[in-house]
Amino acid sequence: MSRIALKVNQKQVMVEVEPRTLLVELLRERLLLTGTHVGCDTSQCGACVVMVDGRSVKSCTMLAVEAEGAEVTTIEGLGSGGKLHPMQEAFQRCHGLQCGFCTPGMIISAVDLLAKRPDANEHEVREWLEGNICRCTGYHNIVKAVLSCRDVQSGAAQQVEEKQS
Amino acid sequence: MSTTTQAPQPLVGTPVVRKEDRRFIVGAGHYTDDITLPNQAYAYILRSPHAHATIKSIDTAAAAAADGVLAVFTGADVANDKVGGLPCGWLIKNKDGSPMVEPPHPILCDETVRHVGDQVAMVVAESRAQARAAAQLIEVDYEPLPAVASVRDATNPDAAQVWPQAPKNLCYDWEIGDRAAVQQSFKQAHKIVAIEVVNNRVVPNAMEPRSAIGHYESPTDSFTLYTSSQNPHLIRLLLGAFVLGIPEHRLRVVAPDVGGGFGSKIYHYAEEALVVWASRKIGRPVKWTSDRSEAFMTDAHGRDTIMRARLAVDKEGRFLGLHVENFANMGAYLSTFAPAVPTYLSATLLAGVYTTPAIYAEVKAIFTHTVPVDAYRGAGRPEAAYLLERLVDKAARELGMDRLEIRRKNFITKFPYQTPVALEYDTGDYHATLDMALKTIDYAGYPARREESARRGKLRGIGFSTYVEACGIAPSAVAGALGARAGLYEAASVRVHPTGSVTVFTGTHSHGQGHETSFAQIVADELGVPFSQVEIVHGDTDRIPFGMGTYGSRSLAVGGSAIVKATDKIIAKGKKIAAHMLEASEADIQFKGGKFSVIGTNREKSFGEIAFAAYVPHNYPIEKVEPGLEESAFYDPKNFTFPGGCHACEVEIDPATGVVTIVDIVAADDVGKIINPMIVDGQMHGGLAQGIGQALFEEALYDDSGQLLTGSFLNYSMPRAADFPFFKVGNHVTACTHNPLGAKGVGEVGAIGVPPAVINAVLDALAPVGVTDMSMPATPEKVWRAIQSAKKQNNTQAQS
Chain A
1 MSRIALKVNQ KQVMVEVEPR TLLVELLRER LLLTGTHVGC DTSQCGACVV MVDGRSVKSC
61 TMLAVEAEGA EVTTIEGLGS GGKLHPMQEA FQRCHGLQCG FCTPGMIISA VDLLAKRPDA
121 NEHEVREWLE GNICRCTGYH NIVKAVLSCR DVQSGAAQQV EEKQS
Chain B
1 MSTTTQAPQP LVGTPVVRKE DRRFIVGAGH YTDDITLPNQ AYAYILRSPH AHATIKSIDT
61 AAAAAADGVL AVFTGADVAN DKVGGLPCGW LIKNKDGSPM VEPPHPILCD ETVRHVGDQV
121 AMVVAESRAQ ARAAAQLIEV DYEPLPAVAS VRDATNPDAA QVWPQAPKNL CYDWEIGDRA
181 AVQQSFKQAH KIVAIEVVNN RVVPNAMEPR SAIGHYESPT DSFTLYTSSQ NPHLIRLLLG
241 AFVLGIPEHR LRVVAPDVGG GFGSKIYHYA EEALVVWASR KIGRPVKWTS DRSEAFMTDA
301 HGRDTIMRAR LAVDKEGRFL GLHVENFANM GAYLSTFAPA VPTYLSATLL AGVYTTPAIY
361 AEVKAIFTHT VPVDAYRGAG RPEAAYLLER LVDKAARELG MDRLEIRRKN FITKFPYQTP
421 VALEYDTGDY HATLDMALKT IDYAGYPARR EESARRGKLR GIGFSTYVEA CGIAPSAVAG
481 ALGARAGLYE AASVRVHPTG SVTVFTGTHS HGQGHETSFA QIVADELGVP FSQVEIVHGD
541 TDRIPFGMGT YGSRSLAVGG SAIVKATDKI IAKGKKIAAH MLEASEADIQ FKGGKFSVIG
601 TNREKSFGEI AFAAYVPHNY PIEKVEPGLE ESAFYDPKNF TFPGGCHACE VEIDPATGVV
661 TIVDIVAADD VGKIINPMIV DGQMHGGLAQ GIGQALFEEA LYDDSGQLLT GSFLNYSMPR
721 AADFPFFKVG NHVTACTHNP LGAKGVGEVG AIGVPPAVIN AVLDALAPVG VTDMSMPATP
781 EKVWRAIQSA KKQNNTQAQS
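Those sequence lines, one after another, are chains A and B. Okay, so the first sequence: first residue is 1 according to our numbering, each after it adds one. Okay, so the second sequence: first residue is 1 according to our numbering, each after it adds one.
Chain B with its partners taken away, still in its complex shape (with noise of 0.2 Å):
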């Protein structure tokens, strides 16, 4: 009688429990302030007041002689150490092709201070709460300067300077696109619709404040850092070879669990170098954590663009040419990434969906005395978006042509397409999740659903945004060549032990995103050995390859095809074990469901077996296959992959009050393949309330002398459980046609897709009142002062 055994089911594309759960739900993960090292000291930074000054004298002598303190640093000590700056990860010429204006960015400030929130000394001592009462005797003698907090005030002649070597406070002046075409575009045009747009600021908030703990071992002269960031062994290249130079071989960074980022723990922060700087100093682990209000004013924020557009229709309401003007906010600093956000991530999307044959964009980047701003979840897609989605909905209203025939006219539908921006699109059907969404908001039931709401003297509107991202970001070369100082594939090794079970150690690093299931789920099936028994290891430069972590959506479709291409080596080396074993040519072996088989046989060996043979080599083809079983991969990317979609939203408002409530959202989206729903689901909820949280409720506001108003969660509005209803997300799968999974990458879609379709929405509601603009986030008091002022405005063109 044979025996059948029967194929493991696969999990790839199932909703698969999360693995990381477990030690979550029960309090035992290890975010970077739950570890305690022994003789652990702590340090507290003394952050400037002022937006810009020059510190006169610092008098930290009270301090040093205060109870439990070990020593106070200032920029003199960092300056005497010759400790280097922070530095810049992106190097953007300008139009005419010289380099931008690259400040520096010592760890602690030198002779100014540059925006609230700046470091201007750090306490050591005992306890936190003694370095925190120590730093209060500093005495600082500033002499505040004035400041400019805004891009539009920091253009003007008169403006204050941030830094000398940038006049008019500019970065650089980039452009892309060609402008002849455009200008050509516009003389043919039917019609020239305007817009101009602000994207407001907002900070990433991850709920994990930042952390991190320096540790100097003199015995072996090394070095760890513990720190919660998204990309280990970049903090490592960067804090090693040029703030403090450590040979990389002696610098260990951990980065252990990590209670989200979004953007903000991409970067090298002077937090980072300062505590293992210290620790070498006093010869005791140094640990450093966030507070909330310190995090509003040292955390990377996200966005702070103005953005003019100029779009060419023909009377079809074909588009024909676009020109973008682009001011950025870069912050008072180059944080390690910003100068590529407006322009490598948000220029190259400004074709968007549509088949504009035209397109020309510049970009000027600009100084001002506030906190660095870098990439946020998105970056640069969503002001691209935001500008092209509400553009198309303008276009349409001028026009006087439907806003969905207007999309549909232009959608492109032939791929791959190469837009005037740069980039080849592979796949997407944008169509598609057009109907997708508009079946699932029920759209066909829209006009009754707003009669209704006018009978209760609400104001019903729903709105649309049809977008597409870039993401995975890649290849090397593209990057290099556009400026990126670093490599942008990833890296993988499969290590599979004698016993069959696996250790995957990826370069990605995961602190939300659920890589511990979602590779597994992958290794699993690739190879055929139970989930249970496959195990993926990230966030130590001491035990992963040398990878770039995780931003720009680039986890799965990047490190997870390293993975596969690692698990391809395995299996090809678990052939030749096996055709040693089975006595058969190594072209009749195949792998199949976690066994090697001869075809048409069944003689077969298990994985397991062969595993076992690769490290207790007694009978093995040793002169042509090493022993062992354990392979490496480089990935790197051909091209990004472009997740594109529709999100609808449904929002009724109270015009007694400018309340929005948002009644309805649909998000429909391609992301490619999908390896675990459950999880991709998990994503999209999460872009989607981000970018909710944008378009109604988040904005970080300066005052005209550089005062963060909003430093706590007292006056920074964050989105609630109330604010929202259940999401309706869905997909429709067209696979990226470049990468072995198909997969195009979630985490950003939803705060890429729904502002657009949000505002766009609002408006949709405010048309019956005679209001033609907003402005994010659509506050109550926003709503209700431009209800308001159409009706004035009314009144008055019925009274003349």
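With the rest of the complex left out, here is chain A (with noise of 0.2 Å):
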């Protein structure tokens, strides 16, 4: 067993995990942190998403212990002060989830794209969810609602430098 010790939704953890436990299983089954999902077992759906130090990252793939001083963020963490994020708010404007399966990966992943790229165009946005498998929406109004989040997002900082300029 070995202790780690790092911030998971802003609130800092110490546990004790087996050196083969991934992050996923320390997420969902010690933490109870439910909303990150496994929806396979050779990294290609990207239903376990989740941020590590600010990137994007499979949480099946990762293990635990090299989460250790790690800020670990979840769909659960994901909004701040009670509000849902911008990219939250998209999927559910834009009819972005059926299941919801994927959801939480989709909505991660999306947000670190924006984060990298805030004017992703549609090509691009589909490019980058390569890594996420959604079986509901035949990916049509997931892309919008990246795009929609975009347009919100740009539209946000657009009035932020007028006000400033």
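It should be emphasised that the hints constitute simulated quantities derived from the structure, not laboratory data. Glycine included, each C-beta is placed from N, C-alpha and C at the ideal position. Accuracy of the hints is not assured; some may be wrong.
To be verified - Label-pair restraints from in silico Cβ distances:
| hint | chain 1 | residue 1 | chain 2 | residue 2 | range |
| --- | --- | --- | --- | --- | --- |
| 1 | B | 196 | A | 118 | 49 to 55 Å |
| 2 | A | 119 | B | 23 | 53 to 59 Å |
| 3 | A | 123 | B | 439 | 23 to 29 Å |
| 4 | B | 785 | A | 82 | 40 to 46 Å |
From the two separate chains plus the hints, produce the assembled complex.
Next up, the structure:
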């Protein structure tokens, strides 16, 4: 057993884990953060994507011990102060989810995309989501949601710029 | 001064944002594997690595002694406890009236394994990891036997036998239609067009792997099963009555949030029975959750048919008669609804949208050493549509006719229309949906686009499919006559609370379809209560009435209609109460916009006031009306519903690589009256993606020894976001004539209509090269090889 310390959704966590424990197992089974899902066993589906130190990561590809000292954000910690993240709002507004199982991973992955490329176009959104599989939506409204969030965020950013200038 | 209260705006027909989304977008959904019960143990199932083998011995001693292990069970334990096998829900009869071969399906194998993934032993341990590790210590001595995986091989005289009681691996040999009339039509034919098509085997792959928790509570001698299922009552019935012999009042089945199903979660699976049975054995809750790899070899697969057809046509291109032979792979065991798929759900759709006067079909269901095959989104209807739409395109080519003209010439235009294969279509307008599709895809501009592609060295093609499907599976009496062992009605209870808010209990199940929203829209409109005051409950047999769950695009047409029937009863009772309170005769009371009023006066009572009076019956017609305001209804439809339409697809093919790019997808459908257009469009998108997936990417492949070659997302090609453009979906509504909502159903439409449109487009693109046939999935390799072999043939012909 190894003792690790990390921050999950802004809270300090100290746990003992087996060396073989995956980050997703720590999140789901020890910390009971069941919003992060497991949809495959070959790191293909992306249902388990979480943010680790500001990057989207498939939490089934990472050992819990590798997260020592890291800052992890799961879907449960994405909003702040009781408010939804704009990407969460966009997924609801655009009907970007049906069964909801792939949704947490999709949302986190899309948040990372817009952090890296705030002006991503449709093609870039589709390419970026290559590692996230959805069986319900045909990706149509997922892509719409990401583009809609992009527009909301860039609109908001523009407003801030206008105020500052 | 009088105050005017504005009637609430109707919600039906508007894109109301989904209620259920809130919990999913914050990670607060509760899927089965998210549930952890106190003192819960974990199960791991050891599965057969062989397609066919005799189990000579099993040694579980080392596993039983391993860390954390609570119990190890084998087929012998199951047999000792006299646990029943998994029953089949549909009995199909042979041409001679004898019943199909119905082999046993034990929940743990006894002496023989019959497909890769067949369940051999179960380890229960303190943790998932311990159960998995211990299972590797079980020593099974297998004697491998010859196996057969494909329908083509299984029907060979010297093929390996799956069941001794099924010679030539034949489960049943069934027929429908008028053989003599078809033979007659062939004599009068100007031309007979023949085709053979394979409907490729696919894996449903709902994103949530199946999971089940069994919980036995000895103080009450009662059982709870949490399971990722589309129909908890069906599971309770089959598990309780047939497998474990538990009376239904002591068995609760909960299907909480379920992460997609597409058919694969209809069926009763062995693991559901195993965790319930094991929980009683060890006295603790037992959870099992499938890996994705495990899902590939245990979830029921879809399709896998070979169909041959001959179509008799006259000089003008009118269809005279159709003869169809269908060889359908059942897999090693009969899954819950498997026998119904190629027969009741497929052969009955062989008229399609056409007036073909004589149709005869025969279906041979074949056992193989593969995972059971059962209904997958569309279930039988995609197979019928694919065969017909490929055949019609071929007929047009052979007659030198335009492929749209031949369709229009044969469209059914008068309704109701009785087909020669049992169904009676109530409404439809196939010209209108075809026109709509042509306009949306800009068919007029297609030649220019094709030329433009050619200038870039690319092959462009456009393809069409005009299809019909039957959904809202019904009526019970008809289904029963055709072999169903269950009723196919739906149930609903509407409970109005004293302050006027409403809880609706539905027997259908939502695993992504958005019932919590669309059903609430209906109830809000019917009762004139705010949308936020309506809650929909589903998925728990202790809360909901006995219902049949969700499949076959039935939830709205059948389940929604049951809800309307129940709200009608609420309103009828409310009128009685209102008449008493308003001192008027019941006949003079009208209910509109949430108010009961005396016609022609301004005397009225709000819905909430009536609800309150029903529960606080101080001034109440107690001699005529019981207190309380709660009503139940069962709805057994008179007929199927018949959505239909036209799907069009435009592709561009790179002849150097064989890669098919979808340029445009158009779906112009008639799904009946629409409750929530946003949800309807979403259902279309998902169906289209699965249909295109089958046409271009997906195929479950077994090798000759019965090994599954496509056993994970690494080698089974799941469509990704970059594989699709935005879809163009639209509706032309003709209302269903026999249910109160006028709704037809939309869940499966996309997956049914689009595969032939895609392949017809591919063949259209490849026609100039000389390619005349293409099977699904049209992978780059297959397309490239077809182009090369056509070129070779062209060269040989040119030289000779």
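Now for the hints, and whether the structure bears them out:
Take residue 196/B and residue 118/A: their Cβ atoms lie about 53 Å apart, and the range 49 to 55 Å holds. Range check, residue 119/A to residue 23/B: Cβ separation about 32 Å, and the 53 to 59 Å hint is violated. Take residue 123/A and residue 439/B: their Cβ atoms lie about 27 Å apart, and the range 23 to 29 Å holds. For residue 785/B and residue 82/A, the Cβ-Cβ distance of about 58 Å falls outside the hinted range of 40 to 46 Å, so the restraint is violated.
In terms of the numbered hints stated before, the structure departs from hints 2, 4, listed from lowest to highest.
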